[in-house]
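A.B. asks: Chain by chain, the residues run as shown.
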Amino acid sequence: MSETANNAKSLSIIVTKGTLDWAYPPFILATTAAAMGLNVTMFFTFYGLPLLLKKLDLQLSTLGNPAMKMPMMGMHMTMPNAVSMIPGVDAAATRMMKNLTKKKGVASIEELREAAVDSGVRMIACQMTLDLFEYSLDDMIEGPELGGAATYMETATNSDINLFI
Amino acid sequence: MAEHLLDAKGLNCPLPILKAKKALKDVPTGEVLQVLSTDPGSVADFEAFCRTTGNELLDSKTEGGLYTFLIKHTA
Chain A
414 MSETANNAKS LSIIVTKGTL DWAYPPFILA TTAAAMGLNV TMFFTFYGLP
464 LLLKKLDLQL STLGNPAMKM PMMGMHMTMP NAVSMIPGVD AAATRMMKNL
514 TKKKGVASIE ELREAAVDSG VRMIACQMTL DLFEYSLDDM IEGPELGGAA
564 TYMETATNSD INLFI
Chain B
209 MAEHLLDAKG LNCPLPILKA KKALKDVPTG EVLQVLSTDP GSVADFEAFC
259 RTTGNELLDS KTEGGLYTFL IKHTA
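Sequences listed follow chains A and B, in order. Under my numbering, the first residue of the first sequence carries the number 414, and numbering increases by one thereafter. Under my numbering, the first residue of the second sequence carries the number 209, and numbering increases by one thereafter.
Rather than coming from a laboratory, the hints here were simulated on the basis of the structure. Remember, predicted model here, so these are calculated numbers, not experimental data. Every residue gets a Cβ at the ideal spot worked out from N, C-alpha and C, and that includes glycine. Treat the hints with care, as some may be off.
[What the hints assert, rightly or not] Calculated from the model, a selection of chain B residues having no Cβ within reach of chain A, i.e. all distances over 10 Å:
(1) Glu211
(2) Ile225
(3) Asp234
(4) Asp247
(5) Ala252
(6) Glu255
(7) Glu264
(8) Leu265
(9) Leu266
(10) Lys269
(11) Gly272
(12) Gly273
(13) Leu274
(14) Lys280
[Claimed, not checked] Some chain A residues close to chain B (C-beta under 7 Å, calculated; not the full set):
(15) Pro438
(16) Ile441
(17) Thr445
(18) Ala448
(19) Gly450
(20) Gly487
(21) Leu513
(22) Lys517
(23) Val519
(24) Ala520
[Unchecked claim] With a Cα cut of at most 16 Å, we get these calculated EDC-like pairs of lysine to aspartate or glutamate:
(25) B/Lys233 / A/Asp531
(26) B/Lys227 / A/Glu527
(27) B/Lys227 / A/Asp531
(28) A/Lys511 / A/Glu523
(29) B/Lys230 / A/Asp531
Next up, chain A with everything else stripped away, as it sits in the complex (with noise of 0.2 Å):
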């Protein structure tokens, strides 16, 4: 942060999903803009608020997502909705996932969060959120502060960037 001067650029990002593909674009993005020397400021919300739990377990769903294509034996299959609701499949499409990101060398989640956190990223938890899915802050990794809907829209209007994913 000390590098970060007051005329640096701002970003905030809401965000509202925690499934494994959907954590990835909040956390690249923030911990991207972070090393460019922006100011960084995410906020946790519905589905997104356990991204903050200190042990993630995050999984992947083929349900309603039909673009979904997994490389498989030299070629792309598709995963079709319907075979989502054979107990085992989204359990196998999330460890190949896992599988996938490993042998690319893209980062896990928990790297990535971990440097948010270390770049000093700073981390909003919706406490309508945290009331209504039964957290508490004790709960979650050492970081985040309690916000609501009016601190977000304090950070929001200050903002150059806010972006919803």
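Let chain A serve as the given structure and place chain B on it in line with the hints.
C.D. replies: Showing chain B alone in chain A's frame:
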């Protein structure tokens, strides 16, 4: 000429940039960090990174699948 080396081979976006930023912290101003990468996306990304942060991209080289960047720590 590069006194400092970062081997980011095998890493994918955004790790080369994140690691370079971290490595630059230990590079005194005016000195050069050499970054090795195998990520084709890092060519455009290091240009953008340097333009935005004000560090100077002295050189960007491609040899086969290996990308070499020389970044002068100026910012």
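A.B. asks: Does each hint fit the structure? Answer for all of them.
C.D. replies: Now for the hints, and whether the structure bears them out:
Every beta carbon of chain A lies more than 10 Å from that of B/Glu211, the smallest distance being close to 21 Å; the non-interface claim holds. Its closest Cβ contact with chain A, about 6 Å, brings B/Ile225 to no more than 10 Å, contrary to its assignment away from the interface. Annotated as non-interface, B/Asp234 keeps its C-beta farther than 10 Å from every C-beta of chain A; the closest such distance is 13 Å. Distance check for B/Asp247 against chain A: the nearest CB is about 8 Å away, which does not clear 10 Å, and the non-interface claim fails.
With a least CB separation of 13 Å from chain A, B/Ala252 remains clear of the 10 Å interface cut-off, as annotated. Non-interface call for B/Glu255 relative to chain A: holds, since the shortest CB-CB distance, roughly 12 Å, exceeds 10 Å. No beta-carbon of chain A comes within 10 Å of the beta-carbon of B/Glu264; the shortest separation is about 15 Å. With a least beta-carbon separation of about 14 Å from chain A, B/Leu265 lies farther than 10 Å from that chain, consistent with its non-interface assignment.
With a least beta-carbon separation of about 19 Å from chain A, B/Leu266 lies farther than 10 Å from that chain, consistent with its non-interface assignment. With a least beta-carbon separation of about 20 Å from chain A, B/Lys269 lies farther than 10 Å from that chain, consistent with its non-interface assignment. Every beta carbon of chain A lies more than 10 Å from that of B/Gly272, the smallest distance being close to 17 Å; the non-interface claim holds. Separation of B/Gly273 from chain A is adequate, the least Cβ-Cβ distance of about 13 Å exceeding the 10 Å criterion.
For B/Leu274, the shortest C-beta to C-beta distance to chain A comes to about 14 Å, beyond the 10 Å cut-off, and the non-interface label holds. With 10 Å as the threshold on Cβ separation, the claim that B/Lys280 sits away from chain A holds: the shortest Cβ distance comes to roughly 16 Å. Nearest Cβ of chain B to the Cβ of A/Pro438: about 11 Å, over the 7 Å cut. The hint is violated. Hint status for A/Ile441: holds, given a least beta-carbon distance of 5 Å to chain B, under 7 Å.
Of the supplied interface hints, the one on A/Thr445 holds, with its beta-carbon coming within about 4 Å of a beta-carbon of chain B, less than 7 Å. For A/Ala448, the suggested interface contact is upheld, since its CB lies about 4 Å from the closest CB of chain B, less than 7 Å. The restraint placing A/Gly450 at the interface with chain B holds, with a minimum CB-CB distance near 5 Å, inside the 7 Å limit. Nearest Cβ of chain B to the Cβ of A/Gly487: about 20 Å, over the 7 Å cut. The hint is violated.
The interface hint given for A/Leu513 is broken, as the beta carbon of that residue sits about 11 Å from the closest beta carbon of chain B, more than 7 Å. Taking 7 Å as the C-beta cut-off, the interface hint given for A/Lys517 holds, the closest approach to chain B being about 5 Å. Checking A/Val519 against chain B by beta carbon gives a least distance of about 5 Å; that is within 7 Å, so the hint holds. The interface hint given for A/Ala520 holds, since its Cβ lies 5 Å from the closest Cβ of chain B, which is under the 7 Å cut-off.
Using a Cα cut-off of 16 Å, the hinted pair B/Lys233 and A/Asp531 holds, with the two alpha carbons roughly 13 Å apart. Taken as a hint, the B/Lys227 and A/Glu527 pair is honoured in the structure, with Cα atoms around 13 Å apart against an allowance of 16 Å. Pair hint B/Lys227 plus A/Asp531 holds up; C-alpha atoms about 12 Å apart against a cutoff of 16 Å. Between the alpha carbons of A/Lys511 and A/Glu523 the distance comes to roughly 12 Å, so the proposed pair stays at or under 16 Å and holds.
With a CA separation close to 10 Å, the supplied pair B/Lys230 and A/Asp531 stays within the 16 Å bound.
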